[in-house]
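Visitor: Chain by chain, the residues:
Number of protein chains: 2
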Amino acid sequence: MSKSTSTKAKLVAAARELFWTRGYSNVSVRDITGKAGVDAALVSRYFGGKQGLFEATLAEIPPWDALTASSDELLAKAAESFAHPFDPEADATNVFTMLLANVIDPEMGGMIRELVQAKLADPLTKRIDGPGARERAALLLSVLFGVALMRKNFQLEGLAGKSPEQLQAEIIRLGRVALECRD
Amino acid sequence: MSKSTSTKAKLVAAARELFWTRGYSNVSVRDITGKAGVDAALVSRYFGGKQGLFEATLAEIPPWDALTASSDELLAKAAESFAHPFDPEADATNVFTMLLANVIDPEMGGMIRELVQAKLADPLTKRIDGPGARERAALLLSVLFGVALMRKNFQLEGLAGKSPEQLQAEIIRLGRVALECRD
DNA sequence: AACGAAAGTCAACAGTCGTTGACAAAAATA
DNA sequence: TATTTTTGTCAACGACTGTTGACTTTCGTT
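Sequence order for the protein chains is A and B. According to our numbering, the first sequence holds residues 1 to 183 in order. According to our numbering, the second sequence holds residues 1 to 183 in order.
Keep in mind that the hints are not guaranteed to be accurate.
Identical copies go unnamed one by one, so any copy, or any two together, can satisfy a pair.
What the hints assert, rightly or not - Restricting the straight-line Cα-Cα distance to at most 25 Å, the calculated cross-link-like pairs of lysine-lysine (BS3-like) are: (1) Lys162 <-> Lys119; (2) Lys162 <-> Lys126; (3) Lys10 <-> Lys35; (4) Lys3 <-> Lys126; (5) Lys77 <-> Lys10.
Hint data in this document are derived by calculation from the structure and do not stem from the laboratory.
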């Protein structure tokens with residue numbers, strides 16, 4: 001319970017950094033073990049294989065802090081979590097980056113979809129409450145991920161230069177409309 | 001110039017159907033040739049390789065019809081193009097589906113980004129015009145792709161059941177805010 | 001110090017990948 | 001019909017994938 005945990009941690013750290021940014025099937029076991037300075041056979045030994053290592057990466061995702069905020073701070077928190085940490089430095093620990101990088105994946109796409117529904121959409125729906133809560137929650141997530149996608153993946157010039165504060169303000173303006181109750 | 005063009009067309013058709021939905025690196029040459037009923041060696045012969053076949057797929061993308069619409073129909077057209085054709089049937093010919101499936105790709109990501117900037121963001125910016133046009137165009141694309149991403153890739157329950165008409169109305173509401181001039 | 005369990009190393013496996021070159025069949029040209 | 005060009009077929013290549021089993025080294029326990 002002493003030496004192996006260290007290498008396990010090194011593997012998970014390297015795996016998260018690569019899996020979360022490049023996507024599951026675009027990263028090889030040898031990429032990870034090379035970065036971690038560990039033999040490739042240990043992945044199968046300790047995690048049962050490549051997929052097990054990926055799941056170990058998903059095991060310790062913190063809950064979305066916007067979900068525990070007060071009602072009038074919910075949108076601000078949500079917008080902040082999508083506007084601020086999208087610099088290359090913090091990408092390795094950003095859950096939303098990981099979700100974007102792994103939806104398309106033919107092997108992990110299903111698991112990712114369930115994760116978004118269970119950890120983001122469903123809690124947000126209950127948090128919002130009221131008529132059409134499910135639809136409004138989905139619409140808010142659309143705005144959040146849309147801006148993130150355009151900024152990070154498509155790297156649109158119109159959004160690349162914006163500061164996190166400016167971006168957060170824009171997201172809040174759009175998010176308010178998305179959450180508007182129309183009934 | 002008669003028999004080979006037929007097989008070339010078969011290859012491009014099969015390639016587009018697979019590349020555009022699953023993503024470039026998630027599709028093998030043998031997947032395509034198997035679907036087209038053609039030998040795998042012909043890909044390298046006629047298109048110079050896998051990448052050449054993918055580029056041949058991108059060669060004949062029609063211009064975005066929203067860009068040629070009148071000023072007050074621009075948003076409606078844009079929203080329609082993102083709301084309507086996202087059924088599994090028409091996916092193989094939907095450019096936006098292809099863009100979403102290939103941004104993450106380590107080999108084609110760069111090309112896709114340039115394509116979005118050149119074919120979508122830049123023309124839309126010039127089309128909108130006025131102060132902050134570039135930022136407002138980027139924000140509108142964020143909303144458009146955000147809804148598409150949530151509906152198609154993440155398959156959020158809150159959006160999956162919506163009809164194209166309902167979805168279009170929601171996108172228009174959000175798009176109006178995205179295009180608002182704030183100066 | 002001697003034993004046994006744990007941790008790490010190494011080579012090799014079976015499979016898939018994109019691509020190639022030699023070859024056979026078909027069509028067009030003469 | 002004979003010849004040349006086009007079109008398609010086949011097997012195999014080297015590189016890479018995830019995974020396995022036998023091996024050596026290291027460590028804790030008796």
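Visitor: Tell me, please, which holds for Lys162 and Lys119 at an alpha-carbon limit of 25 Å: within, between, both or neither?
Guide: between (28 Å within a copy, 22 Å between copies)
Visitor: Can you give me the call for Lys3 and Lys126, within, between, both or neither, at a CA distance of at most 25 Å?
Guide: neither (43 Å within a copy, 60 Å between copies)
Visitor: Taking 25 Å as the upper bound on the Cα-Cα distance, should Lys10 and Lys35 be classified as within, between, both, or neither?
Guide: Close inside one copy (9 Å), not across copies (42 Å); limit 25 Å.
Visitor: When no copy is specified for Lys162 and Lys126, does a C-alpha distance of 25 Å or less occur within a copy, between copies, both, or neither?
Guide: Between copies, since 20 Å is at most 25 Å while 32 Å is not.
Visitor: Go through the copies and call it for Lys77 and Lys10: within, between, both or neither, with a Cα cutoff of 25 Å.
Guide: neither (31 Å within a copy, 50 Å between copies)
The earlier numbered hints that this structure contradicts are 4 and 5.
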